[in-house]
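With chain U fixed as given, assemble chain P onto it according to the hints.
There are 2 protein chains.
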Amino acid sequence: LSRDTCRMATVLDGKQQASEIRADLKAKVAALQAQHPHFKPQLAIVQVGGREDSAVYIRMKIRAGEEIGVKVTHHHLPNTTTSAELRALIERLNDDATVHGIIVQVPLDSVEPIDEAATLNLISQAKDVDGFSSEHIGDLCKRGPLPAFYPCTPKGCMRILEKAGTQLAGKHAVVVGRSNIVGQPVAQLLLRANATVTICHSRTADLKSHVKMADIVVAAVGVPELIKGDWLKPGAVVIDCGINPIPDATKKSGQRLVGDVEYDSAKEVASAITPVPGGVGPLTVAMLLESVVQSAETFYCSSADWNLTPLKLKLERPVPSDIEIASAQTPKKVSLLASEIGILPNELDLYGTDKAKVKLSILNRLKNRPDGKYIVVAGITPTPLGEGKSTTTVGLTQALGAVLRRNVIACLRQPSQGPTFGIKGGAAGGGYAQVIPMEEFNLHLTGDIHAITAANNLLAAAIDARMFHEATQTDQALYGRLVAKNKFSELQLKRLQNLGIDKTDPATLTEDEIARFSRLNIDPDTITWQRVVDTNDRFLRKITIGQSPTEKDKTRVTQFDISVASELMAILALTTDVADMKERMERIVVASDKDGKPVTALDLGVSGALAVLMKDTVMPTLMQTMEGTPVFVHAGPFANIAHGNSSILADKIALKLVGEDGFVVTEAGFGADIGMEKFFNIKCRASGLKPSAVTLVATVRALKMHGGGPTVTPGLPLAKEYKEENLELLGKGCSNLERHITNACKFGVPVVVAINRFSDDTDAEIALIRERAIAAGAVDAVCASHWADGGAGAKELAEAVAKAVTLPSEFKLLYDVQKPIEEKIETICKEMYGADGIEILPLAAEKIARYRAQGFNDLPICMAKTHLSFSHDPLLKGAPSGFTVPIRDVRASVGAGFLYPLCGTMSTMPGLPTRPCFYDVDLDAETGAVSGLF
Amino acid sequence: LSRDTCRMATVLDGKQQASEIRADLKAKVAALQAQHPHFKPQLAIVQVGGREDSAVYIRMKIRAGEEIGVKVTHHHLPNTTTSAELRALIERLNDDATVHGIIVQVPLDSVEPIDEAATLNLISQAKDVDGFSSEHIGDLCKRGPLPAFYPCTPKGCMRILEKAGTQLAGKHAVVVGRSNIVGQPVAQLLLRANATVTICHSRTADLKSHVKMADIVVAAVGVPELIKGDWLKPGAVVIDCGINPIPDATKKSGQRLVGDVEYDSAKEVASAITPVPGGVGPLTVAMLLESVVQSAETFYCSSADWNLTPLKLKLERPVPSDIEIASAQTPKKVSLLASEIGILPNELDLYGTDKAKVKLSILNRLKNRPDGKYIVVAGITPTPLGEGKSTTTVGLTQALGAVLRRNVIACLRQPSQGPTFGIKGGAAGGGYAQVIPMEEFNLHLTGDIHAITAANNLLAAAIDARMFHEATQTDQALYGRLVAKNKFSELQLKRLQNLGIDKTDPATLTEDEIARFSRLNIDPDTITWQRVVDTNDRFLRKITIGQSPTEKDKTRVTQFDISVASELMAILALTTDVADMKERMERIVVASDKDGKPVTALDLGVSGALAVLMKDTVMPTLMQTMEGTPVFVHAGPFANIAHGNSSILADKIALKLVGEDGFVVTEAGFGADIGMEKFFNIKCRASGLKPSAVTLVATVRALKMHGGGPTVTPGLPLAKEYKEENLELLGKGCSNLERHITNACKFGVPVVVAINRFSDDTDAEIALIRERAIAAGAVDAVCASHWADGGAGAKELAEAVAKAVTLPSEFKLLYDVQKPIEEKIETICKEMYGADGIEILPLAAEKIARYRAQGFNDLPICMAKTHLSFSHDPLLKGAPSGFTVPIRDVRASVGAGFLYPLCGTMSTMPGLPTRPCFYDVDLDAETGAVSGLF
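Protein chains in written order, with our numbering: chain U, 2 to 935; chain P, 2 to 935.
By construction, these hints were calculated from the structure, which means they are not laboratory data.
C-beta atoms are modelled at their ideal positions from N, C-alpha and C, and glycine is treated no differently.
Treat the hints loosely; a few may be bogus.
[What the hints assert, rightly or not] Partner residues aside, some chain U positions facing chain P, computed with beta carbon under 7 Å: (1) 114; (2) 166; (3) 310.
[What the hints assert, rightly or not] With the Cβ distance kept under 8 Å, some of the chain U side facing chain P (calculated, not the full set): (4) 86; (5) 137; (6) 160; (7) 444; (8) 482; (9) 491; (10) 543; (11) 544; (12) 610.
Just chain U, same shape as in the assembly (with noise of 0.2 Å):
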């Protein structure tokens, strides 16, 4: 009980201390950055007006940040901003992915009334690496998760008590000070090491007294050399935060720091105790750069770490309509599933709480992180009715992320409003396996496809009000016009170089050059482009317009088509980025001149706005299944006169989303022959991307018909063939699955078979089909019941897809593109389809012809035939063999990047039923509820 005199304090170094800190740091930047070549920790210091202090603080974590590899910007404002300008910059840097950490420098110096508290609850909880704001308080209170970022001071005491070993539990701290910034959070941290704490402050009666009781002193009240030495407990631990100026004539600078504890006499009564300066202050330094460096790992090195709560199902008996089992359920709020997949607040972009889109961004962020495992759902040739790939797909994603808990996006294309009002109905999936709300899927969704339709249809005005004008007016007229501005736009300058012509100075062109640059003489009957609506309009199939006086007499026959037939559609789903998608715009051939030369978007001056107008289409669509997994819905160009797949963005961000061990499963419209041929010869040839597996989906009814079966029509009763078992039938037609699986296979690629079990199919049924699927090169054929089950039905489907993404894959391309375009048709033709060859019809001899001299020759192939049949007849069922396929035409969609040949007439608007699917549509006007939708 007698104190030894002689023992002075132990000197807790917080300079070396923090010296180690940033010595370990550096060398784990140094670390982070030699294996991600651009991770580069920013933090940025936001300082109001121009306190000294404040200056000094800034400048010592400028210098730390340096020495070990953090970037600071320092956003000096000066002492006249508003708070909305100073919310504005903190905004703009929330939304910075180069920035990972804000701190606003407290106190603001501000001659504008400045609400400190509401300004430090703006900085996005991500970069709140001070912890300053209330819900990164408020967790460091509660007893309950911890906050990501502790305020500094305060972790900078703790670990200098922790380095000092000073036992906590059960101790009895006293807290000199109740700042937000020191008192209170140390407060907490000791209360969270289980020491008993008192928090004393200006206002407490008889300070010493409850000094005297303390183990442990932390003082932070800002008031030099209070607490003395005779106020200690003797032996106490003493964390002295202070740092407070006073005159000291011996000094250069006429002051000198002191902390609030008198250090000369504490220390020889304190245990330890930390010096001012160089205790506590360069921890605080060092704990911020440590926050920083974290945040920024967070940021660009986070494994796909998903914590996905997926929804329960409550199925029901019988089966339910799609729409009844859809509403019934409640999906999570958009912006909780983005959260739970690891996208950021500023990477969503939200379209009410079901619907969000994703920024490109993303891709930049995560392009260090592995791709995930890349599997496409294809199907066998089908009946009219299909045979369930979305199902299939949207089931399958459903069974690997909410009952396996793998992580799982899908990738499905928006469907068209067309159908939605029409004959098909909705196309969000169906039964347990859909994507939800569906009436938002199948309704507007977040305006793409109405952005698609306005700029599809302002190229097509531009081309008609283009050749009026021409007709018109002299050269000089339309020159005149064309430069009213006494200036080339940046679309003309692009145009004269493309003529050959030189110049920037429209005064400066020869009478030939201005006939040149002013006319596109586009040859009326050359010009494909069409004008499209989102709706069934079969009235407008072939049509005449300019029939008005205005027009002159200058009619022409014209057709409209449906928006997602258009290339834009084909563009939107092919690009890669949205400089790419503008050269695409660019290069959009819609006529050949009277000199048969193409002309483009370009020639018309109108790319740029259809980029502008296009520009929030690139951003992919999330949304969830029944499940609450995740589903990107970007993108549905046709499947005949356009490769029917989704867009390689939604691809790409999908697989860098589930990360090295997930799954993105994308969906390859029609029967394999023809959407998985194009998902790997113009989609994976575009993208880059190696798919891992294929999963291929047949059904024991379409199989049937293919043995031989009778006809298969919409909305009559199945034959019985369909409803008992009949395995010769089925043995026969098992050849059509087959050749899909040896076709998959010529791709390099694994097939599992999806049997999409219907209640009539037996037992020896779905035993045949697996027989011969394994024995054709299948790795695995599996039953799949996630239409009356959710994912539970698809478990085995899921396991087997994640087995098979495991083996050995070499993806290969069926032709290169450099062929002839006859030889990459025929290569098609007769690997795919199983062909003896093809024949070249005139019109499409002479269209092959003008893209070979157009320079066209080396666009990969997107064959436009009947998804009913292997071969072009769609009466030709199972793996028909020993004919030719006819090429009536060919076409361009240059700007998509592909040629798509003939080989019978492809309807391109759908018409209305004498009953339409509209007829039981209806909105509730009370609750909002959308019904009849299926």
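Frame of chain U; chain P shown alone:
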């Protein structure tokens, strides 16, 4: 110093105190209900699992709530509830406007893993009456603004101490227990009351010695009678939060409740003590109810207390282009703007960060709030350059909101994309009086026009498809298909009723009834419903459709209009809620049948689908001005064939949001003879809203033109008359202004003239206009320079308008709708235009007769007349007289609810010029910035 052992502690009777508080609350609820008939506070209690103690507490809360008029709903979930299901319930309660407080009874009793802290954070801040969210706890712990709600037990403790008159400042309070619910928050409240606070807990060594030091002891540790009398400092005040059941054989239940303090020994030492039961417990419940009532009061009865932070302008000279100005300003996040003006988070559907739709439910929440002042901005008869009506609308609101700091919302029309890419450019105002981001305003906005296009074209396709199917099928075949599901759809049942066929079973119709039901017998020559695109596409002005062989030669001549000319746009603008919109859609007349009867969208079975396609369009879109004041953008019907005003719904919501002392500024298209007249006679008639003032925009330039100045042509320089002082021309032209003022006065509404000043205008010219305007009956005439100066430039105008709305106003309509159609037309032409009379031409007479026969006499009149003159002749400037207005045709928008007589040809499809605006439009692929819009 000696203690009086005879003195016993004062018993702090919580039961009595709680009873008084509840009585006060009951009176308060009753008083609020008297004032606001639908005021009904509701607390939702969420319980997971079946803990008996929780059940007891919940029963107490329900009983106490019922007693004072607070509805308490108990949401009792099973212990198998998943975290997703619990989250879904909380989110539903967050969104439920009838619920004002939500508490989750803790501890949760669940077999599933549920994160309690995360669950509490799901409750919206406005309903977190337990104050347990991290944000509320953080605010409680920080020195700064207080949280809206405190945890209830701590709040009760403080209320008892307050009532007992206990001094806290400088005293030593010892809190025993550190729970989130009591210990921690009560410590924070004591600290806020300036006590020195020690927090003890289970790990505290020598608890007794700490308690012994306390002037105030708060016990919240959950250990029966832990703290004994001899632990206390004599005279201490003891607050006992413990409620512990201990065995007691003398009780029927076998147990009794005791606190954490040994009451009998403690009351001998303490100066005051709370009993258990009857101490803190009843206060806890009372405090909870107090918070619920407070929350409900905020919800229902909040006055329009805005907390708007204006954006500062940085004015540059010369004034840069519109898009340069707009791009230089950083808008507030629209979620922040919404919260500043009192829109709740669940009343908002975000569309990215700059636009949001506002839900109609807000009208119900605010229905007791008095409306603000309703200002319409109209213009004199304009030159073809426009006189700055939109810019004045925006500038005036910037002045009222950002300069005068009054509550104000501008209500604007959404522009069509056609003109944006055609000749006119954008429509977001101009200069420093604009809506931002202007490219969002001018492009897709939130998709309303696209939804209208989709709905319009579905109806159009339905007409032609129906005629085709009727032409190619027998009655029976048609009927068989129309009732394919052997059941009439809802819309078919309505059609049957309209036909007078009172049957619901399809099998029971007679042959005649089948024919009448199945055949619409549309007379193709009477079809008035056109297809639309939102593109300037002149070649669609007159077209022939149905030329494909699939349509079997059923060709028809028709036209496309621009989308904003669709009747659906006028319906959106005039509708008052979703039910009303649906009814209007059912009433849309698309043609007459061969018997001259109207054929409606209901007859085609498509009106439900139209409502579904347009379900989101009813919500106005919130944006902001350059100075950060709120703007609603909603609907944009034509001003000739429709009424040219933005929506009733936006105005109604805005009038509630700004509150009694606020302003809503809405714009009427074209000159006041058209826009203002229709605003009053059509829009105000439909809405029942009473306008407070008219702001009439005039320019020196236009008035000189009306005085006989040279023609003003877009694109050509102005003649010198317009650049030099010319009082003579101006004086003559003032006749136009005078007649508009007189017209406005006929409606009984005060008029303020806004002179939109240009740099060449002289003081003498301004003075002349002012003199003439006031002489004609205007209450004031004021110059404004908002284009160059933003809101500051319209300060004087804003002051004049703010004064004008305080004047007596007796709004009256110009005509009674029940008068004959001809008489209504004549009234408008004589009273508004100054005509001698009208001449009904034969086609018009025929149509008037038809509409009268069809029952459409009582619709208001929407004149389709040139906006360039008071008369039908654009060349008659000034205030012409002595003319007769020819009525060439009359058409009906029965869904929208008006008849529109045509005085001339109205173009409903603009064209593209040789060099359309789109030449300059481009997207920066790197930054996403849009250039070239203006």
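Hint-by-hint comparison with the structure:
no.: 1; hint: 114; result: violated, 10 Å
no.: 2; hint: 166; result: violated, 18 Å
no.: 3; hint: 310; result: holds, 5 Å
no.: 4; hint: 86; result: holds, 7 Å
no.: 5; hint: 137; result: holds, 7 Å
no.: 6; hint: 160; result: violated, 21 Å
no.: 7; hint: 444; result: holds, 7 Å
no.: 8; hint: 482; result: holds, 4 Å
no.: 9; hint: 491; result: holds, 6 Å
no.: 10; hint: 543; result: holds, 4 Å
no.: 11; hint: 544; result: holds, 5 Å
no.: 12; hint: 610; result: holds, 4 Å
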